[in-house]
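Visitor: Below, each chain spelled out in residue letters.
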Amino acid sequence: MSMINYASREINCKLVYYGPGLGGKTTNLEHIYGKVSPNTRGKMISLATETERTLFFDFLPVDLGTIRGFKTRFHLYTVPGQVYYNASRKLILKGVDGIVFVADSQIERMEANVESMQNLYDNMAEYGYDLTRIPFAIQYNKRDLPNAAPIKDLQASLNPGWPIEDATRQKQTPDPAHPGENLVDKIGGEWVGHAPYHEAVAVRGDGVFDTLKAVSKMVLKTLS
Amino acid sequence: MAGAASWSFNENDFKQIQTHLLAFLRDSNARCALLVDRNGQLVATVGETPQFDPTAFASLTAADFSANDQLAKMIGEAEFASLVHQGEKESMYLADVAKRVILVVLFDQRATLGLVKLKAKSVVGELNKVFEEMFNRVGTGQAQQKGLLEGAEDEIDKLFG
Chain D
4 MSMINYASRE INCKLVYYGP GLGGKTTNLE HIYGKVSPNT RGKMISLATE
54 TERTLFFDFL PVDLGTIRGF KTRFHLYTVP GQVYYNASRK LILKGVDGIV
104 FVADSQIERM EANVESMQNL YDNMAEYGYD LTRIPFAIQY NKRDLPNAAP
154 IKDLQASLNP GWPIEDATRQ KQTPDPAHPG ENLVDKIGGE WVGHAPYHEA
204 VAVRGDGVFD TLKAVSKMVL KTLS
Chain F
20 MAGAASWSFN ENDFKQIQTH LLAFLRDSNA RCALLVDRNG QLVATVGETP
70 QFDPTAFASL TAADFSANDQ LAKMIGEAEF ASLVHQGEKE SMYLADVAKR
120 VILVVLFDQR ATLGLVKLKA KSVVGELNKV FEEMFNRVGT GQAQQKGLLE
170 GAEDEIDKLF G
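Chains D and F, in that order, give the protein sequences.
Going by my numbering, the first residue of the first sequence is number 4, and it counts up by one from there.
Going by my numbering, the first residue of the second sequence is number 20, and it counts up by one from there.
In case anyone wonders, no lab produced these hints; they're calculated from the structure.
Just to be clear, a hint being listed does not mean it is correct.
Claimed, not checked - Which stretches of chain D does chain F cover? Using the computed rule of at least three CB atoms under 8 Å from a CB of chain F, they are:
1) 10-18
2) 55-66
3) 88-96
4) 113-125
Stated by the list, open to error - Computed Cβ-Cβ distance ranges for the label pairs, DEER-style:
5) D:D156 to F:E67: 55 to 63 Å
6) D:K74 to F:P69: 49 to 57 Å
7) F:E96 to D:W165: 47 to 55 Å
8) D:R71 to F:M93: 40 to 48 Å
9) F:K118 to D:S160: 32 to 40 Å
Note that the structure is a prediction, hence the values are computed from the model and not measured.
The beta-carbon is built from N, C-alpha and C at its ideal position, and this holds for glycine as well.
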């Protein structure tokens, strides 16, 4: 739920990084924290266990700059990935404007990815939010590892597509990040939509800003 | 619903909020009052300027309130409409406003918890009215937003290079 404050001329939006445990959600935020100028970001708050596993959330406010005279600030949150922290994970989703799903590309983590994606759909549905209609991007992280699954397998499991029933959206939409691929396409007579995806190696920072930029744009587009 | 609805508030709303909170601070002897929305965004600060990072404070406040909400449900309560965190010198009182916003009152030994609670009750009533009015004019708010961010994409592109 974005908040527009006409008194202080600020727009605040909430982005949540979701995904299985140890997938790299916190690493994404740490990289952003390290790269963005200290003038444009706030303090990073991590509510973590002694072993640095996220217990409640990580939080990082980032100023995008002034747009139309309004200071545009994104509040980035991560959720705890471990299955048993669902109660706190659900709380963080409240009022979300955009979601990045950070998937762990390792073949061994495929099941954990699918379980976390299902959990995301379920938690969103409980708030009455429709994941297919809000800004949502998938990041396939850890692409440098030798046991990383091929993108087409990850896409088939995590981003198989959803039917597009709204006639105004039934038009072929190219994926700007992947030439030759479409975000909305007619497959077997049916219009199908996919979430945009990005490949990443978050520990090196590869793909981190591409993902953030893509989802931020989508969020601001919903306000324009 | 595709996602949560946005809301906005204008100069006049802010003035009304400020007037109510300034009167509350004067009557209760509290140092500072903050309004934080349930998603962790700071809406307003009135009174002494806090010495901490208000953005981080707001996100933790919302998390604190939400976690306590769930705890209330677990023990069979619909909600905890207010919370108190008492320290040796500094304390906080948190109260729900219109189910969407949290009033956070910071006070020290110059104020008593009893007085803060008593005065907070009436200011929460006033703020409920202001916020409900604000949420009811969502339609107008949407109209004001339209076109506000046209051309923003280029500016985002510039920011991220």
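Visitor: Against this structure, judge whether each hint is valid.
Guide: Hints versus structure:
Coverage of the region 10-18 of chain D by chain F holds in this model, with 5 residues showing a Cβ closer than 8 Å to a Cβ of that chain against a need of three. Beta-carbon proximity to chain F at under 8 Å applies to 4 residues in the region 55-66 of chain D; the threshold of 3 is reached and the given coverage holds. Coverage of a stretch by a chain is defined here by at least three residues with a beta carbon nearer than 8 Å to that chain's beta carbons; for the region 88-96 of chain D and chain F the count is 4, and the condition holds. For the region 113-125 of chain D, the stated coverage by chain F is violated: 0 residues have a C-beta nearer than 8 Å to a C-beta of that chain, whereas at least 3 were required.
The hinted window of 55 to 63 Å between D156 (chain D) and E67 (chain F) holds, with their beta carbons roughly 57 Å apart. Between K74 (chain D) and P69 (chain F) the CB atoms are about 19 Å apart, so this pair departs from the stated range of 49 to 57 Å. Under the hint 47 to 55 Å, the C-beta atoms of E96 (chain F) and W165 (chain D), about 38 Å apart, miss the expected range. Take R71 (chain D) and M93 (chain F): their Cβ atoms lie about 44 Å apart, and the range 40 to 48 Å holds.
In this structure the hint that K118 (chain F) and S160 (chain D) lie 32 to 40 Å apart at CB holds, the actual value being about 38 Å.
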